[in-house]
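*Asks:* Here are the chains, one letter per residue:
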Amino acid sequence: DAKTTQPPSMDCAEGRAANLPCNHSTISGNEYVYWYRQIHSQGPQYIIHGLKNNETNEMASLIITEDRKSSTLILPHATLRDTAVYYCIVRVSSGSARQLTFGSGTQLTVLP
Amino acid sequence: GAVVSQHPSWVICKSGTSVKIECRSLDFQATTMFWYRQFPKQSLMLMATSNEGSKATYEQGVEKDKFLINHASLTLSTLTVTSAHPEDSSFYICSARATSGRGTGELFFGEGSRLTVL
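Chains D and Y, in that order, are what the protein sequence lines are. First residue of the first sequence? That's 1 in this note's numbering, and the numbers climb one at a time after it. First residue of the second sequence? That's 1 in this note's numbering, and the numbers climb one at a time after it.
Only pairs whose alpha carbons sit at most 20 Å apart, straight line, appear in this in silico DMTMM-like list of lysine to aspartate or glutamate:
no., chain 1, residue 1, chain 2, residue 2
1, D, LYS52, Y, GLU106
2, Y, LYS41, D, ASP11
3, D, LYS69, D, GLU55
4, Y, LYS66, Y, GLU87
5, Y, LYS20, Y, GLU52
6, D, LYS3, Y, GLU59
7, Y, LYS41, D, ASP82
Part of the chain D face toward chain Y, derived, beta carbon under 7 Å:
no., residue
8, GLY43
9, GLN99
10, PHE102
11, SER104
If you only want the chain Y side, here are some residues facing chain D, beta carbon under 10 Å, derived:
no., residue
12, PHE34
13, GLN42
14, PHE109
To be clear, the hints were calculated from the coordinates, so they are not data collected in a lab. Think of the CB as a built atom: it goes at the ideal place given N, C-alpha and C, for glycine as much as any other residue.
So here's chain D without its partners, still in its complex pose:
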């Protein structure tokens, strides 16, 4: 699976949009971009994933650049509960039995 690079930490004011970047310049054509988050002392929680097109669900939006070498996870209205480590992971399609490989992630702190 392609390696990803994320900033180690970010702060965001409560109620504002949180934009978390991820670089994945070696991504292959059949690899998806996945985002998970881990709140302290809990298991990772799935947020969203995409291949080429931008995606949106009830939790977040995922913006993938046209060359697919980077992406941004957007939490439109961050709350204190969104404070967590956010992991950007690139892996082959969901049908694969391969595991997720976690990098260091970004520690997002939402400030009151």
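Let chain D serve as the given structure and place chain Y on it in line with the hints.
*Replies:* Just chain Y now, kept in the frame of chain D:
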């Protein structure tokens, strides 16, 4: 989304004893489950891949005789830490890949089990 449950959520044991952690997929079947370990302020590290009805596949550096994995049914995998020592104290997390129903093909994570060995 699909639910994966781990039990116990935390356990404290004496050095030299064995501890079993269960991972259950509650509303879906999972032929493959993964076990991760996470030390404080570090990321998740894959320990092994658990396949229903067959032997687990361990990552390099993980002792298979120390971390016994059993995946006897499509909804249950267990991790037994044998002869635990303080250095085994960690946060153990399982994930399961849904093979049917909603979320087929996706990976879902348990809440984690915190092991403290005295």
